[in-house]
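Take a look at the letters that make up each chain.
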Amino acid sequence: MNHGSSRVHGTREQLTSLSATSLSCKAPSARSIGTSQAKPETVQKVSDIVREQLALSADTALTAESKFSALGADSLDPVEIVMALEEKFDISVEESDAQNITTIQETADLIEDLVQKKPAAQAS
Amino acid sequence: MLSSLIPLQLPSRMQTHLWYILPNEVNNKSLLKHYTQLLSQHEKDSISGMQSDELNKKNALLARTLVRTTLARYHTNNNDNTVVDPRALKFKKNLYGKPEVDWEVDDTTTNHPKLQFNISHTDSLIACGVTLNAPVGIDVEDKTRKMRHDVLSLAKRFYSSEEVKFLSSVEDTESQRKEFIKLWTLKEAYVKALGKGFSASPFNTFSIIRSDAETYNLCDQAGEWKFRLLELAASSHYAAICIEGEDGQEAMNVIVHKTIPFVEDELISI
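Protein chains in written order, with the UniProt record's numbering: chain C, 1 to 124; chain Y, 1 to 270.
Source of the hints: derived by calculation from the structure; they are not laboratory data.
The model shown is predicted, which means the values in this text are computed figures rather than measured ones.
A virtual CB, placed ideally from N, CA and C, is assigned to each residue, including glycine.
Do not rely on the hints blindly, as some may be mistaken.
Derived pair list, reagent style BS3-like, types lysine-lysine, alpha-carbon separation capped at 25 Å [as the list claims (entries may be wrong)]:
| # | chain 1 | residue 1 | chain 2 | residue 2 |
| --- | --- | --- | --- | --- |
| 1 | Y | K165 | C | K67 |
| 2 | Y | K44 | C | K67 |
| 3 | Y | K90 | Y | K146 |
| 4 | Y | K57 | C | K67 |
| 5 | Y | K90 | Y | K58 |
| 6 | C | K88 | Y | K58 |
| 7 | Y | K258 | C | K67 |
| 8 | C | K45 | Y | K146 |
For each label pair, taking beta carbons as the anchor points, the in silico distance ranges come out as [as the list claims (entries may be wrong)]:
| # | chain 1 | residue 1 | chain 2 | residue 2 | range |
| --- | --- | --- | --- | --- | --- |
| 9 | Y | K33 | C | D90 | 46 to 54 Å |
| 10 | Y | P7 | C | D90 | 12 to 20 Å |
| 11 | C | K88 | Y | S161 | 20 to 28 Å |
| 12 | C | Q44 | Y | I268 | 40 to 48 Å |
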């Protein structure tokens, strides 16, 4: 079995321990995906892609807490959403993370985490 | 007046019982209200708290109803062989988040088959697979589901190289799309049967290969995982089932029923 993802998990753990000491008021997140809350504009961009992928009507309310399963997503939708986000943000998501996203917030946190890790010249 | 739940014979070893509901066949308001009364408080709160439209909420209700009533039917009271109350079932999650039944060890008034189950749903079909002592995973997909991305791009991104090679060899675009979906359901079913979450087995780390028209196998497998791929509901959906067998065991046997809990079961020949 391929354990190539362990290198990235090691990086995530380091980030988590850093934020735990510097942000003492924030409870550690139960999920390992994303280590901080994403900016509202990232949440908005993710929501737009989710809305398009799930073919939601304009009056379906989407919040950061919206769960894909509650929106009628099947198991293929999260990976299609991830592919669309990879194209839009020019990032690369770990395979295991791609299938573990369940809400808009989680997805936005993951995206922002990856965008921040990109070399400074590319991030904007 | 609703009939009471009819008891069921346990699955035998290497047998999966597959039960499915078609949500668009279940619209009777008093029946749906009856279903709501079977759920735990947590399940009821979870459904009413869903930021979702009524159809999705109904499907969530039907999914929980299907799981509770189906599992209850395999589980009878010792004194009179009636089916236990579906409300009495408790659920928990394994270390990786896979739902399981939480059997109460001290209860001597009922029998305790060690059933395992897994559910899957789309907008249009909700399914529950049940086995005795064998880890099981199922996944269902609408056969006509279109992908927004090119199928080969999705495969190259997520599937193994052997699977990409196979899909690339399928010339007709529509057949390629169908084979992609079939593989998707089989891969999902395997990871769900493993029960360790997607991180433990990313899709590009294993290959499922078709050896003849109906037989799928895991390449280089440790253990004896058996697969079946079915078409359900007038061939509108693919359903993949994966169970962990024993060395030397024959192929998996599947018994399929379409059901409306408390109303009717229909045995489906496959």
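How the hints compare with the structure:
1. Straight-line distance between C-alpha atoms of Y:K165 and C:K67 comes to about 34 Å, which puts the hinted pair past the 25 Å bound.
2. This hinted pair checks out: Y:K44 and C:K67 have alpha carbons roughly 17 Å apart, not beyond 25 Å.
3. Of the supplied pair hints, the one linking Y:K90 and Y:K146 is violated, its CA atoms being roughly 37 Å apart against a limit of 25 Å.
4. Restraint check for Y:K57 and C:K67: satisfied, since their Cα atoms lie roughly 12 Å apart, inside the 25 Å limit.
5. Proposed proximity of Y:K90 and Y:K58 is supported: the alpha carbons are some 21 Å apart, at most 25 Å.
6. Distance restraint check for C:K88 and Y:K58: the Cα-Cα separation of roughly 34 Å exceeds the 25 Å cut-off, and the hinted pair is therefore not satisfied.
7. Distance restraint check for Y:K258 and C:K67: the Cα-Cα separation of roughly 28 Å exceeds the 25 Å cut-off, and the hinted pair is therefore not satisfied.
8. Between C:K45 and Y:K146, the direct Cα distance comes to roughly 23 Å. Compliance with the 25 Å bound is thereby established for this hinted pair.
9. The hinted range of 46 to 54 Å is satisfied by Y:K33 and C:D90, whose Cβ atoms lie roughly 50 Å apart.
10. Checked against the given bound of 12 to 20 Å, the beta carbons of Y:P7 and C:D90, roughly 58 Å apart, lie outside it.
11. Checked against the hint of 20 to 28 Å, the pair C:K88 and Y:S161 passes, with Cβ atoms roughly 26 Å apart.
12. Taken as a hint, the range 40 to 48 Å holds for the pair C:Q44 and Y:I268, whose Cβ atoms sit roughly 45 Å apart.
Checked against the numbered hints given earlier, the structure breaks hints 1, 3, 6, 7, 10 and satisfies all the rest.
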